[in-house]
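Q: Spelled out from the first residue to the last, the chains are:
Number of protein chains: 2
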Amino acid sequence: MAVTLKEVAERAGVSRSAVSRTFTDGASVSDKMRRKVEKAAKDLGYSPNALASSLTTGRTKLIGLVSNNFHNPIFLEVFDLFTRGLQDRGLRPLLVNLTDETDPENSVRMLRQYSVDGVVVASSTLPPEFAKAFRDAGVPVVHSFGRASSAPQVHVVGIDNVECGRMAARELVRRGYTHVGFMGGPEGASSTQDRYSGFMTEMSAHPDIKASHSFADAYSFDAGRREMLRLLKNGPAQAYFCGDDVLSIGALSAIDDSGLSCPDNIGIIGLNDMEMAQWENIDLTTIHQPIRQIVTSSIELMVAMLDDPERYPETRIFPCSIVERGTLKPGI
Amino acid sequence: MAVTLKEVAERAGVSRSAVSRTFTDGASVSDKMRRKVEKAAKDLGYSPNALASSLTTGRTKLIGLVSNNFHNPIFLEVFDLFTRGLQDRGLRPLLVNLTDETDPENSVRMLRQYSVDGVVVASSTLPPEFAKAFRDAGVPVVHSFGRASSAPQVHVVGIDNVECGRMAARELVRRGYTHVGFMGGPEGASSTQDRYSGFMTEMSAHPDIKASHSFADAYSFDAGRREMLRLLKNGPAQAYFCGDDVLSIGALSAIDDSGLSCPDNIGIIGLNDMEMAQWENIDLTTIHQPIRQIVTSSIELMVAMLDDPERYPETRIFPCSIVERGTLKPGI
DNA sequence: ACGCATTTTGCAACCGGTTGCAAAATTGCA
DNA sequence: TGCAATTTTGCAACCGGTTGCAAAATGCGT
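Protein chains in written order, with the working numbering: chain A, 1 to 332; chain B, 1001 to 1332.
Derived from the structure by calculation, the hints contain no laboratory data.
Only a predicted model underlies this, so the values are computations on that prediction, with no experimental measurement involved.
Glycine is no exception: its CB is placed at the ideal position from the N, C-alpha and C atoms.
Treat the hints with care, as some may be off.
Unchecked claim - In the DSSO-like style, the derived pairs of lysine-lysine whose C-alpha atoms are separated by at most 27 Å in a straight line are: (1) B:Lys1233 with B:Lys1210; (2) A:Lys39 with B:Lys1132; (3) B:Lys1006 with B:Lys1032; (4) B:Lys1006 with A:Lys61; (5) B:Lys1042 with A:Lys42; (6) B:Lys1233 with B:Lys1132; (7) A:Lys132 with B:Lys1042; (8) A:Lys32 with A:Lys61; (9) A:Lys132 with B:Lys1132; (10) B:Lys1061 with A:Lys6; (11) B:Lys1006 with B:Lys1061; (12) A:Lys61 with A:Lys42; (13) A:Lys233 with A:Lys329; (14) B:Lys1042 with B:Lys1006; (15) B:Lys1233 with A:Lys61; (16) A:Lys6 with A:Lys42; (17) A:Lys39 with A:Lys132.
To be verified - So the derived list for chain B, only partly shown, Cβ under 8 Å to chain A, looks like this: (18) Gln1087; (19) Pro1104; (20) Leu1232.
As the list claims (entries may be wrong) - To be clear about the criterion: a stretch of chain B counts as covered by chain A if any three or more of its residues have a C-beta under 8 Å from a C-beta of chain A, and this derived list gives those stretches: (21) 1013-1027; (22) 1092-1103; (23) 1164-1172; (24) 1202-1212; (25) 1236-1246; (26) 1292-1300; (27) 1319-1328.
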């Protein structure tokens, strides 16, 4: 089927090692030899079999790109950045969709069968057991958008979700709201828990302000819509910190449908600063999450791990900042 | 590093072939043998190296999932469906991002190096040369969301874009608009061209109705917004067929910003029927594209090709239908 | 032209599996 | 129990590459 190294060697009248060496950089080949081989290779349309070579080198240049979030448009950008970033470094993303997968062992087995050189877990909702399971299998792991920890077991790149919760709370206080709400994503996700905990910690310093909370089923527009419709029915707070922009935008749509308006009747602050957040008709006040930096840094970290798999686990946290737009009342 | 077949064989006290056979279905192994081997394998935590076996079997179970559209949220769903569908059949998607890639040869080389068993091109904007190049390299190819053709060179699964253009035009005529517009996606994309051509063909039967056209830079919210803002400045038509829902929603946002309203001042009909289209505050009249069926059918076709690579190229077209919501005036 | 150091080349073993073939073990039946 | 038919097993070669090692070739100084 495909042209093999052996055929190239025969046509060039040289040994197989010679051919192998011309395609391995750092190997010693004379110019004459190189020219001969390259000629033969071109004539035959040869390109080396990366998988076969991985057998002896132990490197496949395959990186497992593992996620379970296929409903938040922000992840389309995340995939875009990851795939391009990895490709630029000669690495190939093997996409693994863990939606509905509950047993880390399955995915570990799968990734091991394909002997990936490393795994990037790109998800804020996947339980940390998955990243741990990969690490335990001896595969370099970077958990992007994962939970910050003072004693990290795997490399984590992301934001300080607790601090984001705080920031949002402080902002709502500053704006003079006296009844605020936290509308989180899926309750089990660490990102939700951390944002919640930061939010509530800050609010506990303001006993005069009423703080309520609830959780949407998923980080998706629809979940946000549904949850806000429910809240509106049961007497909503004056302003909400939504655990993600998709939730916020879903919530805005619910507010709109109910004949209410934002920020006049209800304030909203989101998190992510996705593209849509800046549309004039949405104009969402939100906390900016530096997606691009997180992805870039994750890839750099992964590349570093490939060189030194024993590298000591680190946590890289990027600062977030509030982007003021039009979904909160001006404040005092 | 990883446990190998040889180690399992030694521990179980059997030959390497025996171990190989227990992990290959269809091979003949006695129950006693199988038990011995499985015990040893479990003790050692062995899982076979799929890449090594691919050397002799010639199958990697790797499928190249090639796309260049990482801005249209509909594609997040497409990726979700593809990855899950492929995984369910024991196939692994190798994601290839062709944004900014112009030379098919590069991607061909890359996919060949990883000896993928097949390639799914999931894009409505990628030039057909890419799919052809893969086919010429001897790799089974399915082009999903590709251009229908009466003499297909590769397998194509998608919709009849010309007919969609027609449908949209007919609908606008039926509603009594006397000046209509086509607002397409990127001008070079075959999907855009076909939708345009269908639209204009139909309109040419109505010389009394004025028909104009223009193109957005990309299939993205922002491009739709920008294009509609431009149109609004230069005296817009009464209603537009937008080449995709993201364009439509971007356009709606532009209309909203300009203090106009839809459908009172301007009508919009989209294409895709993405999740957001049904939100009450968007309520987009649109042409439904059966994404799920297209993906499912593409995967089935790919699986069939793996069995019979010489299979004669076919084109699978799924019907679309108009979903009436609230962005067109009621009509006569 | 010679001897020595350095570079280039080929041999052969190996990576982790699969598989055709023949030998060994098991089965069925008289 | 004996023997042929059938099943199970192991040997060894192979898939498409890489690499340590020693032999061959080259370069250099005199």
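Q: Would you mind marking each hint as holding or not holding in the structure?
A: Do the hints match the structure? See the list:
Restraint check: the Cα-Cα separation between lysine 1233 of chain B and lysine 1210 of chain B comes to about 18 Å, which is no more than 27 Å; the hinted pair holds. At most 27 Å may separate the alpha-carbon atoms for a hinted pair to count; lysine 39 of chain A and lysine 1132 of chain B meet this at roughly 26 Å. For the hint linking lysine 1006 of chain B to lysine 1032 of chain B, the alpha-carbon distance of about 19 Å falls within 27 Å, and the restraint holds. Between the alpha carbons of lysine 1006 of chain B and lysine 61 of chain A the distance comes to roughly 25 Å, so the proposed pair stays at or under 27 Å and holds.
With a C-alpha separation of about 46 Å, the suggested pair lysine 1042 of chain B and lysine 42 of chain A falls outside the 27 Å cut-off, and the hint is violated. Between lysine 1233 of chain B and lysine 1132 of chain B the CA atoms are separated by roughly 42 Å; this puts the pair beyond 27 Å, and the hint is violated. Taking the CA atoms of lysine 132 of chain A and lysine 1042 of chain B, the gap is near 20 Å; set against the 27 Å cutoff, the hint holds. With a C-alpha separation of about 30 Å, the suggested pairing of lysine 32 of chain A with lysine 61 of chain A is violated against the 27 Å cut-off.
Proximity of lysine 132 of chain A to lysine 1132 of chain B is assessed by CA-CA distance (about 42 Å); at most 27 Å being required, the pair is judged violated. Proposed proximity of lysine 1061 of chain B and lysine 6 of chain A is supported: the alpha carbons are some 25 Å apart, at most 27 Å. Distance hint between lysine 1006 of chain B and lysine 1061 of chain B is fulfilled; the C-alpha atoms sit about 23 Å from each other, no more than 27 Å. Distance restraint check for lysine 61 of chain A and lysine 42 of chain A: the Cα-Cα separation of roughly 24 Å lies within the 27 Å cut-off, and the hinted pair is therefore satisfied.
Pair hint lysine 233 of chain A plus lysine 329 of chain A holds up; C-alpha atoms about 22 Å apart against a cutoff of 27 Å. Of the pairs offered as hints, the one joining lysine 1042 of chain B and lysine 1006 of chain B holds, with about 14 Å between alpha carbons and a cut-off of 27 Å not exceeded. A hinted pair counts as satisfied when its Cα atoms are at most 27 Å apart, and lysine 1233 of chain B with lysine 61 of chain A does not qualify at roughly 51 Å. Between lysine 6 of chain A and lysine 42 of chain A, the direct Cα distance comes to roughly 14 Å. Compliance with the 27 Å bound is thereby established for this hinted pair.
Distance check on the hinted pair: lysine 39 of chain A and lysine 132 of chain A sit about 48 Å apart at the alpha-carbon level, beyond 27 Å; violated. The beta carbon of glutamine 1087 of chain B is positioned within 8 Å of a beta carbon in chain A (closest approach about 6 Å), and the interface hint is therefore held. About 14 Å separates the beta-carbon of proline 1104 of chain B from the nearest beta-carbon of chain A, more than 8 Å, and the hint is not met. Look at leucine 1232 of chain B: its Cβ only gets to about 13 Å from chain A, farther than 8 Å, so that hint breaks.
For the region 1013-1027 of chain B, the stated coverage by chain A is not satisfied: 0 residues place a CB nearer than 8 Å to a CB of that chain, which falls below the threshold of 3. Counting residues of the region 1092-1103 of chain B whose beta-carbon sits less than 8 Å from any beta-carbon of chain A gives 7, enough to reach three: the coverage restraint holds. Only residues whose C-beta sits within less than 8 Å of a C-beta in chain A count toward coverage, and the region 1164-1172 of chain B has 0 of them, not enough to reach three; the restraint is violated. Figure legend: the region 1202-1212 of chain B, annotated as covered by chain A; annotation inconsistent (0 residues with Cβ-Cβ distances under 8 Å, at least 3 required).
Beta-carbon proximity to chain A at under 8 Å applies to 0 residues in the region 1236-1246 of chain B; the threshold of 3 is not reached and the given coverage is violated. Three residues within the 8 Å Cβ limit are the bar, and the region 1292-1300 of chain B against chain A gives 0, so the coverage statement is violated. Counting residues of the region 1319-1328 of chain B whose CB falls under 8 Å from any CB of chain A gives 0; the rule of at least 3 is not met.
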